[in-house]
Each structure stands twice: as structure tokens, then as C-alpha cells.
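Q: Chain V is fixed; fit chain E onto it per the hints.
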Amino acid sequence: MTRPLLIPLILMALAGLALWLFAPALAEQAAAINLDLRLAAPSSDRWLGTDQLGRDLAARVLAGAPWSLGVAAGSTAIALTLGTLAGLAAAELEGWPRRIILQIVTLVISFPGLVAAVAAVAILGQSGFSVLLVLGFLTWTLFARVIYAEASSVRSRDYVTAARLGGVSRARLLIRHVLPAIAPSLIAMMVFHFADMLVAASALSFLGVGAPLGAPAWGAIISESRPYVYQAPWMLLAPATALAGTVLGLNIYGDIIAKRLGLAGRPS
Amino acid sequence: MTGLHLKNLDIHAGKTAIVQDVALHVPKGQVLGLVGESGSGKSMTVMSIPHLLPSGCHITAGHIILDDQDLTLLTDKQMPPLRGAKIGVIFQDPFTSLNPVRRIGDLLAEVITRHQNLSPAQAKAAAIAALDEVGLPDAAAKARAYPHEMSGGQRQRVGIALALVNHPSLVIADEPTTALDPTVQVHILDLIAKRMEDAAAILVTHDLGAAAYLCTRIAVMYSGRIVEEAPVADLVRRPRHPYTAALLAAAPRLGRIGRPDSIPGQPPSPGARPQGCAFAPRCARAAPECTVQPPFTGTDHKVACHRPLQ
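Residue numbers (the working numbering), protein chains in the order written: chain V, 29 to 296; chain E, 352 to 661.
Be careful, since some hints might not be right.
Part of the chain E face toward chain V, derived, beta carbon under 7 Å [stated by the list, open to error]: (1) Arg434; (2) Ala436; (3) Val440; (4) Phe442; (5) Ser448; (6) Leu449; (7) Asn450; (8) Val452; (9) Arg454; (10) Leu605.
Distance windows between CB atoms, simulated [as the list claims (entries may be wrong)]: (11) E:Ser406 to V:Pro52: 55 to 65 Å; (12) E:Pro488 to V:Thr109: 38 to 48 Å; (13) E:Lys366 to V:Ala101: 45 to 55 Å; (14) V:Asp186 to E:Lys379: 20 to 30 Å.
A few chain E positions that, by computed beta-carbon distances, are all more than 10 Å from chain V [to be verified]: (15) Gly365; (16) Pro378; (17) Gly390; (18) Asp444; (19) Thr447; (20) Pro451; (21) His466; (22) Leu469; (23) Pro488; (24) Gly510; (25) Arg624; (26) Thr642; (27) Arg658.
If you're looking for bench data, these hints aren't it; they were derived computationally from the structure. Idealized CB from N, CA, C, for every residue including glycine.
With the rest of the complex left out, here is chain E:
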């Protein structure tokens, strides 16, 4: 059983449930898109994998299994060696995720020597090779540069090199293109697709376009739960959960006349979720049975809704 399995994951902040009953499977070599509004719990879900939840938040139930190893059983001492080695994370903002007072090559060498037994000279060579692999011209000179000497796209390439330099089996990309110019975004998505080799990958985003471009499957989160999960083409063309449909309709698109349809209301705060389906108060199709939590059912196209579309 390779790849990443999340099994019935619950995350609590104190007594408040933040993430509930999240189940996901990402096989090796596939990219799963995790989409949802801010506060839907998607960042919480992925940050629980390397044990980097904000203080006060804990995994309270479920399992995270990466290549047959249950990460929820690891202690605080056992986890750090896996970070950067088995799990690589690409950050949202390349302007803040590189230490401004360290040279690019040193940042890479630090992560390389942490996990591979190399001499400083070998680590330096490996750092330059890693920069070369992410398509930075004149990698040797870039290794001596400081982050401020580079453009946003170049920095994000460094961020990708940092995440992937030790060939992790899981890559988490947290909004990797949000802070970049549109012209650079596709290059960065292509690079992630090309460099991740046979790792399992999760792309956290609220850019459905980016998700559709890069991912094999997409999972939609709403108020701490996964409400729909399906192959990309299927989900985009035939959304079954009313929230997914509303999300797709709310995305601004070139070539469409008029204002995108916004979803009325706001997602409930984690402490004040309604009984049953959390989307019901904003849902046009809500019915009396929606006060009971719907099961997450289906084989290839899974949905948690009593009255799905179609």
C-alpha cells in the first residue's frame, strides 16, 4: 500500500472540531487537488501530516499512513528526520519562505546534509545540481545569491528545489502559484509536475484552474469535511455536491459575460456548525433530511449529500 492514506482524520483545537472525518487516498505519482474556501480546514489537514499544526491543535482521531508508516504514531523526536526527506513542502509565498540573510546554496545544502551523509563540498555540488534541475540558468552563480536578488518565479523554483531535493515520497504544495505573476504560474505548475517524479502530491489551492491543470483528482473541503472527491474532468463537468457547483459558478472566467455567481451567506465558524450538513443553511436544495450528517458515498465519484445534483 504505497502513497498517502488519510483515514478518518479528526483535528481539534481544544474542544472545537476543526477537521472532521477526512479520508483521502493519493497513490504514488498522482496529484490530488484539495480545494475549498479559506478556513475550510485544507491547510490544517495537510499541515497535520508533518506534525506542524498551530499550538493548541491536535489530531484526535484517525490515521495518516505514508508508505505503510503511520505518521500519527510518531513522537516529536521521530518526526523531524522525515520532514524534508520523506515529506517535502512547497510554500505559498516565495518572498517570505526563504531566509533573507542566507545564500540560496547554503539553504539547500542545509537541507541536503540533514538527510544525506555528504561532505560540504558534495552538498554544495548537490545544491547546484538541484538548482539546475529546477531550470535556473547559471545555477552555480544562483547558489551564491541571496533571495532578494531573484524574481518571484526564480524564488519559487528555489522553493521547489528545497522541497524536492531529497526525493520525498509525499509533496505538499500549499498554494504554490498564488503569489506569482500569471505568466509564471503555468511554468511553475509544469515544473512541479515534472520534478515530483513518482511522489504522491497534494496541491492545496483555491484556484480551481490550477487544480484542474495539474491534478488527477480533486477533493473539495467545506467547513472541515470533504464534501466531494472525484477525477478532475468529472468533478468540473458534473459536480454533484451543490457546494462544488456553487464554487465552480463563483470562479471568475475570461470570456464569460457578467458577474460570477457568489454563494450567499458565509461558512459557519468551527464552533458553531449546524447539525448535519454544514452547507445546508446556504444551500438552495436543502431539505429537512439535511439536518442529519450525510454519508460520504460513491466509488470513483464520492459525495456527501442527501440530495446530490443529477
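Just chain V, same shape as in the assembly:
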């Protein structure tokens, strides 16, 4: 990756590190109830205002970031790993193993996502970890399909056949010869998927699924703000801006990566 592409990644990593370092302090402040300051407007003291219990919204949005971003990162990692393995396997194996993998992919794609996610989290229990698992296992098929298609075409390139004729083993062939050729689309897809998972995790916590009660997940804060939209619009604006800004930023970043790597960009 060239330097302009790397800078946002470094900034994101630094921001993540800072959030992690200040997490205990932030959590304490995010939970501090002050009923004298209910629904206070943004001020120099409380930058983003307070909620219906007088809790500092800036602290809550920041404290909620690790949960929302963590769930998105975790589910993206699961989807990426499963999808890559399944896609590569389907491309390399011919006959019935390929048909079985592709049938499983079709089956999982046919699940109604939101309903399946709500049901699965209800079974697994209210926690970020179960949301992460459920989202990962419901969306790996998107990676599997793209990787299967790309690997199938890369696999028939001369240099892969040449390596095969050199006696290189199938696993090594896939990892050292096929995967590097797919890496650009994989990286771009990963960024877009991360943004989608952030939206999905927030949608679930808005519905009260996943985030433990009272936890400052972005979707949960948005949900809490509903009765106060006219009275205290900042209560909606703070988490909504954080969510929309992050998703927009990730999509722009993904488009830049895709353009740099010579790909078509985000499929709409």
C-alpha cells in the first residue's frame, strides 16, 4: 500500500489505541448520572450535551465506540476468514465438494438476515460476542462468492499452472500464488464489509438486540433518544453523526483503495 492509503489506517489504529487506553475512565464518566443536568444542551462544559439521565453524551458516544467498532471488526474477521477459506476451497476442488460448498453458500444467503440475526442472538444471549458471531456467520457468503469467482479465474492463469507443474502443493498454491492476486479486491471488500457490519450491529442494538442493557452502544443511544427528539435533538445527533460519519469515511476510504488498486469500486 502506498503512503496516502496507509495514513488513514494509522490514524484509525491510533484512535483505537486511545479509546482502549481511556476506556475505564470513559466508561465511568459515561455511566455517571446527574439528574440536575437532564437533557442539557451542548455547552463548553458538555460538548455534545447530556441525555435524559444527565449523562455526558460525548463520553457515551466515545465509550460506545469500542463496542460498535469491535463487533464490526470481529464479524468482518469471521466473515473474511470463513469466506476466503470456502471460496478458495470451492475454486480448487472440483466435482461434488465444490457443489456442496456452493450450495451451502446459497442456503446461507437465502436466510432473511435481520430476522435470523435477532433469533440467533436471542438464543445465544445478549452480548457483543454473540452479535459478532451471528453477523460473521450470516455474511461470510459475500466473501465466499467473490473469492470463488476471482480464484477460479486466477487459478487458470499460466503462472499457477506453472507452479502446479513444479510440484507445488495445493494449499501452498492457493496461499502463495492465488491469494496474492485476489488480495486487492479482498482488502477493498473488507473495508466495505466493516462499514456494513457497523450499520448492522447498530441496527441490532437499536432494536435492543445484542448490546447489554444500559451499555452505550451507538444504536442503543439512538434508540433512547427517540422520546426526546424535539426536546433534545442533540441526543439523537451525537450518536447518529458518529455512526454516519464513520460509515461514510469507511466507504470513501474503500473507494479510494479500490480505485488505487484498479478495481471497479463499491458495487451498489
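A: Frame of chain V; chain E shown alone:
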């Protein structure tokens, strides 16, 4: 019995016969030229040796015997260890047959360590030695280079090093000079001749000039069968099969005035081959008996034709 023997090899794609009754013998240290038009089955024939036929195609009869081992009996697990070790393949296009994101030295080391028990440092040294042996100047620097930093001729030298680094007993060269500049072609042919040591080699080509330059014997394929096989000089000067004669007449040559003679018509598709000799519909010498498949006969100069020339 050393070298390579193909015995009555049949290859089918589904129910369609692609290659029929191919018999060849390549002794150690000799180069056999396999010539024919595109679609004549020459690539299919050689790719069946390392079990790399396109999906759907299978060897349905016959044997491939390399140094007393019947390769047709090997399973999918037993074959890969032989690829690159006993069988080396030189590719047609050096621009597409080297992975663009891997260093030359790594590509070689990968094939070396697959078949020889060497430490990474030893493999690296062996890779540099292999590059040196194919005549690349400053081999140590070339080992660190990526394919795009090299010229076509240099890349084909790397391709030859890759195919020969484990001293295979069979070398298959699939049109190794077609993608190269004419000035480089002779160097590459010389290098193949010099580096293949005592391996048996098959040169697949439609360049009769290259075949005549490098080979001991030439086999001509037409529509999935071998129609003529003879020592180079004999085949070029006294072709006996009308197809071989037509092929020789169709080759453009410097110093000849006028247009080369093209062969009228087209080879039949594998599913629609005529009864008997497949060349008969395009053959000026065709006779009623040509509707029966002619036997492949002769001792040193073999031909499959009812009415051969001379």
C-alpha cells in the same frame, strides 16, 4: 527401458475422442518434435503426462511409461511429487508463466525445496546457481528481481531454470520460443539442448524450423492421431503423408518467391471426424480405401496412409 513411452493413448472429453491411439517413444537424451495445427491434440497429449488435462478430459486407454513407471496408474496424490522432479515443463509465454508478485529466486526456491531436502539458505544458493546455469548474468541480483524487471528472453531462461532445476528425466517444452523475438529464439533453443542433459524431451511446436533445429525425430499430429513419425532430415526431405507434405509447403520461408501453399478446408472438429483417415476430405490423393482407418506402419519412418508419397 528408459525414456518415455506412450502406448496407444486415448483421451476423451466426455464421450468425444480427442486423442486416439497415440504411440511414441522418446529415448533418454533425445528430443522429439510434436508438430501439428492448433487443435490437433498435441497439447492434450503432453499435458496428459503430468495429469493436467482440462477438467472433463480423461485418459481412457493406453499407458504412459516414464523410466519403467506407468504414470497412468498414479493417483492424484502420487502425481504432484513427480511434477517438477521427474517431469519438467517449459511454458510458451514467459510473460504469463511467472507469478508477477513473487521474486524470481523465491519461485525457484519453492520448486527446489518441494523436491530436495534443503535449508532455506541452501535453496537460495541452489536457485542462484540454477540462474547462473541458464546464462543469466549477475544471477544473485536476478534472484532478487521480479519478473517484470526482465526481458522476454531472460524470463524464458528463468522458465527453463524452473523446469530443469531438479534434473527431470522428462522435459516438455510447449512452444518455448513462439512468444520470443526471432533473435532470441535460437539462444533459447540452444540453451534447452544444452541444459536438458540426458533427459528425454518433447518439443511441442508448430514451428517446423524450430523442430528441425532441435529435434532428433519429429511426429506429426492431425486431428488427434499421429500420422507420421520419422528422423528430422528424412521427414523434412521426404515426407510420406500428404498432410506432412502440405504442412511443409505451407510454411513461409525466406528466399522463396510467392505465397506459401495453404491447405484447403479445415481440420474436422473432434466430434465430427470422418470415417477412416481424418485428412481424406482435404487430401488431393484421397481414394475410396481412405474411409478405412489406415494402419500406422513402418520401422524407422512410420506413416498412417493408404497411399503415401513415393
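Q: For each hint, tell me whether it holds in the structure or not.
A: How the hints compare with the structure:
no.: 1; hint: Arg434; in the structure: holds (4 Å)
no.: 2; hint: Ala436; in the structure: holds (6 Å)
no.: 3; hint: Val440; in the structure: holds (4 Å)
no.: 4; hint: Phe442; in the structure: holds (6 Å)
no.: 5; hint: Ser448; in the structure: holds (4 Å)
no.: 6; hint: Leu449; in the structure: holds (6 Å)
no.: 7; hint: Asn450; in the structure: holds (4 Å)
no.: 8; hint: Val452; in the structure: holds (5 Å)
no.: 9; hint: Arg454; in the structure: violated (12 Å)
no.: 10; hint: Leu605; in the structure: violated (31 Å)
no.: 11; hint: E:Ser406 to V:Pro52: 55 to 65 Å; in the structure: holds (58 Å)
no.: 12; hint: E:Pro488 to V:Thr109: 38 to 48 Å; in the structure: holds (45 Å)
no.: 13; hint: E:Lys366 to V:Ala101: 45 to 55 Å; in the structure: holds (53 Å)
no.: 14; hint: V:Asp186 to E:Lys379: 20 to 30 Å; in the structure: holds (28 Å)
no.: 15; hint: Gly365; in the structure: holds (14 Å)
no.: 16; hint: Pro378; in the structure: holds (23 Å)
no.: 17; hint: Gly390; in the structure: holds (19 Å)
no.: 18; hint: Asp444; in the structure: violated (6 Å)
no.: 19; hint: Thr447; in the structure: violated (4 Å)
no.: 20; hint: Pro451; in the structure: violated (7 Å)
no.: 21; hint: His466; in the structure: violated (6 Å)
no.: 22; hint: Leu469; in the structure: holds (14 Å)
no.: 23; hint: Pro488; in the structure: holds (23 Å)
no.: 24; hint: Gly510; in the structure: violated (8 Å)
no.: 25; hint: Arg624; in the structure: holds (28 Å)
no.: 26; hint: Thr642; in the structure: holds (39 Å)
no.: 27; hint: Arg658; in the structure: holds (41 Å)
Comparing the model with each earlier hint shows violations of hints 9, 10, 18, 19, 20, 21 and 24; every other hint is respected.
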